[in-house]
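**Student:** Residues per chain, in single letters:
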Amino acid sequence: MPTPTLIQSLVITLIQCLLVVIFVFVVVPLTVFAERKVLGHLQQRLGSTRVASGHVGFSGWMNRRMWKMGRVPVLSYWRGIPGLVGDVLKLILKEDIMPTKADKFVFFLAPSISMVAAIVVFAAISFVPGTFFTLPTWFPFVGGLPVSGGIADINVGLLWILGVATVGIYGIVLAGWSSNSKYPLLGGLRSAAQMVSYEVPLTLSLLAPVVLSASLNFSEMSSRMAIGMPFWALVPQVIGFLLYLTCGFAETNRLPFDMPEAENELVAGFHTEYSGMKFGLFYLAEYINMTVVSALASAFFLGGPWLLPFGLQGLLNPYLPGFLSWFGAPHAIFFVAKIIFLLFTYIWVRGTIPRYRYDQIMAVGWKYLIPLALVNLLLAAVIRCFAV
Amino acid sequence: MFKNEEMEINLGPQHPSTHGVLRVKLRLDGETVTHCRPMIGYLHRGVEKICENQSFFQGQVWTDRMDYCSAVANNLGWAEANEKLFGITVPRRAQYIRTLLNEFNRIASHLIWLGTHAMDIGALTVFLYAFREREDVLDINEAFCGSRLTTTAFRIGGLREDLPPGFEKMVRKFLAKFSDCLEEYENLLTENRIWKKRTIGVARLSAEDAIALGVTGPMLRAAGVAYDIRKAFPYAAYAEMDFEIPTRPEADTYARYQVRMAEMRQSARIIQQCMDGMPEGPVMAKLPKILRSEVNEVYHATESPKGEIGYYLVGEKGSLNPYRFHVRAPGFINLQSLPKMAEGGLIADVVAAIGSLDIVLGEIDR
Chain A
13 MPTPTLIQSL VITLIQCLLV VIFVFVVVPL TVFAERKVLG HLQQRLGSTR
63 VASGHVGFSG WMNRRMWKMG RVPVLSYWRG IPGLVGDVLK LILKEDIMPT
113 KADKFVFFLA PSISMVAAIV VFAAISFVPG TFFTLPTWFP FVGGLPVSGG
163 IADINVGLLW ILGVATVGIY GIVLAGWSSN SKYPLLGGLR SAAQMVSYEV
213 PLTLSLLAPV VLSASLNFSE MSSRMAIGMP FWALVPQVIG FLLYLTCGFA
263 ETNRLPFDMP EAENELVAGF HTEYSGMKFG LFYLAEYINM TVVSALASAF
313 FLGGPWLLPF GLQGLLNPYL PGFLSWFGAP HAIFFVAKII FLLFTYIWVR
363 GTIPRYRYDQ IMAVGWKYLI PLALVNLLLA AVIRCFAV
Chain B
258 MFKNEEMEIN LGPQHPSTHG VLRVKLRLDG ETVTHCRPMI GYLHRGVEKI
308 CENQSFFQGQ VWTDRMDYCS AVANNLGWAE ANEKLFGITV PRRAQYIRTL
358 LNEFNRIASH LIWLGTHAMD IGALTVFLYA FREREDVLDI NEAFCGSRLT
408 TTAFRIGGLR EDLPPGFEKM VRKFLAKFSD CLEEYENLLT ENRIWKKRTI
458 GVARLSAEDA IALGVTGPML RAAGVAYDIR KAFPYAAYAE MDFEIPTRPE
508 ADTYARYQVR MAEMRQSARI IQQCMDGMPE GPVMAKLPKI LRSEVNEVYH
558 ATESPKGEIG YYLVGEKGSL NPYRFHVRAP GFINLQSLPK MAEGGLIADV
608 VAAIGSLDIV LGEIDR
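Those sequence lines, one after another, are chains A and B. If you want my numbering, it's the position in the first sequence, counting the first as 1, plus 12. If you want my numbering, it's the position in the second sequence, counting the first as 1, plus 257.
Don't read these hints as lab results, they were simulated from the structure. A couple of the hints might just be wrong.
[As the list claims (entries may be wrong)] Using 25 Å as the maximum straight-line C-alpha spacing, the simulated PhoX-like pairs for lysine-lysine come out as follows:
| id | chain 1 | residue 1 | chain 2 | residue 2 |
| --- | --- | --- | --- | --- |
| 1 | B | Lys546 | B | Lys574 |
| 2 | B | Lys341 | B | Lys597 |
| 3 | B | Lys306 | B | Lys574 |
| 4 | B | Lys546 | B | Lys341 |
| 5 | B | Lys597 | A | Lys194 |
| 6 | B | Lys282 | B | Lys597 |
| 7 | B | Lys453 | B | Lys306 |
| 8 | B | Lys260 | A | Lys194 |
| 9 | A | Lys49 | A | Lys116 |
| 10 | B | Lys282 | A | Lys113 |
| 11 | B | Lys453 | A | Lys379 |
| 12 | B | Lys282 | A | Lys194 |
| 13 | B | Lys454 | A | Lys379 |
| 14 | A | Lys113 | B | Lys260 |
| 15 | A | Lys102 | A | Lys49 |
| 16 | B | Lys574 | B | Lys597 |
[Claimed, not checked] Far from chain A by the CB rule (all over 12 Å, computed), these chain B residues:
| id | residue |
| --- | --- |
| 17 | Phe259 |
| 18 | Ile266 |
| 19 | Met296 |
| 20 | Gly303 |
| 21 | Glu440 |
| 22 | Leu577 |
| 23 | Glu600 |
| 24 | Asp606 |
| 25 | Ala609 |
Please read these numbers as outputs of a predicted model, since none were measured by experiment. Glycine included, each C-beta is placed from N, C-alpha and C at the ideal position.
Next up, chain A with everything else stripped away, as it sits in the complex (with noise of 0.2 Å):
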């Protein structure tokens, strides 16, 4: 294999980069799709079941048969997907409302804060151990060359996705602030207050894999959290597990945790003056944030794209060769399907669970989050010296 140039080394990055970027482009939509099918099963409705234009042509002449007998049509059922690009499409074209009176840079800044921060996150995340596939030959410029699983597994990767993650927070509270209105600034203050607390239960309960794993890297972090782990690591970790996942709740601004864009108490929050993509940026970003939480959670807690299920670690080839790594490497499928499991039950408790107040968020992150935190990381040493 030979060893790529330093130009031909950024040429891969970029292609991984524009890997990651189709990747939550496909996911986001796909999570909002599958929240609104959930979410409607949960509740005893459908979803949503069509676009606008969704009786025309022949299956649409089928689905009015089916609506006039009493069924709900087989094809409308996924018919809600077209509505996403219809979404989309909504966002971009929507008029951009500026409040007059909001500071104009930071009310366009906050939402690029948001995203970016959102998504720089992935540049630390590995998807699959090693290579994830190489590249053809006939590839111009840099054929033939491996393209590993994440986009830089740096050795203080768990420091970069903390520490980047907390800079999506000035996204809100700046927005908050720069509206210039009463709501959103409520929203921003309690998202700052909400979300600096939430960040303190959180680090502490990702402290407990980095005492275990003794590496900040997110492969080595996952890889030792999942191999030679009783059950992954969810026996040693399952308070950590469960602490992380609540933190990641509350970080991503999801029920019971949606303080900063309570819908029945401050309108819609933070962003209650924000329109067309700008607005849709923070709908990203808040998906991509959930994405993350459920990626670093799957890779720590549950073996992350490192065992197979099923006795398939032996018999499947990590590496698969050539074209058929173009259908994607299993362990890359699996770690999709941890995170996707995982997007489910935010989706799960959202249908489920009524929503903290304020105060009780607070109590809650501060009385009982951090010192079960700090059990868990004094567990995690315990084990650490005597067990691993």
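With chain A held as given, fit chain B onto it using these hints.
**Tutor:** Positioned in the frame of chain A, the structure of chain B alone reads:
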């Protein structure tokens, strides 16, 4: 350098959790509410004045549009107030059917309350579960009088028509599943830690305050006062029904939740009794073609799902329409207690308090 300022904020009239067009002026110290004033009138149509210019038969249509979530209960109050004014005796079968529909209406209204209240606190799913059962109640309304929401269910002197065929089956089917449905909602909420945290001790309104402010209905009963007009001054066929008045001593949002859930169970019990003991006979009293009033005045109070709805009617000699008409709307009077409940709490508690009031702005503004 830094100033401490209170922030004044308008909750509504366009706001997801003010149940229509209520505007609440809040003064906030951080997130703590220091001052709270409900502002009303955005839905004022002058129902009372309109009714004074319409005949006694026509007025009922306007009572539908006051509290559109409990139209049947409003209709009942209007019909009975007029019957009192004219001294009409309603046949026993009509009384039973009225009681039955009124209790169905109580269930429907409480289901709306449950759904919206839970949604205000963030539990989305309960809303749709509650609306699923409400749909069945509306179907029953539709089977009886052809319309679902603004029912105009009764006539002065009885009913326009008897029960339709197949009605009993619908009712029995509903009753058979309804207690399971209630359990389903309670599974989601009653022992839910977050729900309890959000409601227990929130928006207290003591019995003394409630009585001083004239608060009635489930709000009062959740403060431990067992006052229910159905028992205190029985009307329709309530004197013959066997039911309990659920009360709770805690006087907080959770107590109101428990009281209303228990009331739905009692309503189902009353419906069962109505269905089992339904007498035969005519459903309409003998009435003159045109009702002309004497000089007379009546006040008739009934227990609507929200509280005491009172109709005050003054007749004029030989007139086709009431000389004076006034409604004591439970929502309007219950809303007065909002500052008492909300001040000192957090902004999220205001939303919980508004939800627990179970207000319908159509009735408050009239």
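**Student:** Compare the structure with each hint and give your call.
**Tutor:** Evaluated hints:
1. B:Lys546 / B:Lys574: Holds, at about 17 Å.
2. B:Lys341 / B:Lys597: violated (36 Å)
3. B:Lys306 / B:Lys574: Roughly 19 Å between the alpha carbons, so the hint for Lys306 of chain B and Lys574 of chain B holds.
4. B:Lys546 / B:Lys341: Given that 25 Å is the threshold and the Cα spacing comes to 18 Å, the pair holds.
5. B:Lys597 / A:Lys194: holds (24 Å)
6. B:Lys282 / B:Lys597: holds (14 Å)
7. B:Lys453 / B:Lys306: violated (44 Å)
8. B:Lys260 / A:Lys194: Holds. Lys260 of chain B to Lys194 of chain A sits at ~17 Å (cutoff 25 Å).
9. A:Lys49 / A:Lys116: Violated, at about 37 Å.
10. B:Lys282 / A:Lys113: holds (22 Å)
11. B:Lys453 / A:Lys379: Given pair Lys453 of chain B, Lys379 of chain A holds - Cα atoms ~18 Å apart, limit 25 Å.
12. B:Lys282 / A:Lys194: With Cα atoms ~13 Å apart, Lys282 of chain B and Lys194 of chain A stay inside 25 Å; holds.
13. B:Lys454 / A:Lys379: holds (15 Å)
14. A:Lys113 / B:Lys260: Answer holds: Lys113 of chain A to Lys260 of chain B is near 21 Å, not above 25 Å.
15. A:Lys102 / A:Lys49: holds (20 Å)
16. B:Lys574 / B:Lys597: violated (44 Å)
17. Phe259: holds (15 Å)
18. Ile266: Given that some Cβ of chain A is not farther than 12 Å from that of Ile266 of chain B, nearest at about 5 Å, it is violated.
19. Met296: It holds; Met296 of chain B is separated from chain A by about 17 Å at its closest Cβ, greater than 12 Å.
20. Gly303: holds (31 Å)
21. Glu440: holds (16 Å)
22. Leu577: Check passes; 47 Å lies beyond 12 Å.
23. Glu600: Holds, since 16 Å exceeds 12 Å.
24. Asp606: violated (7 Å)
25. Ala609: violated (8 Å)
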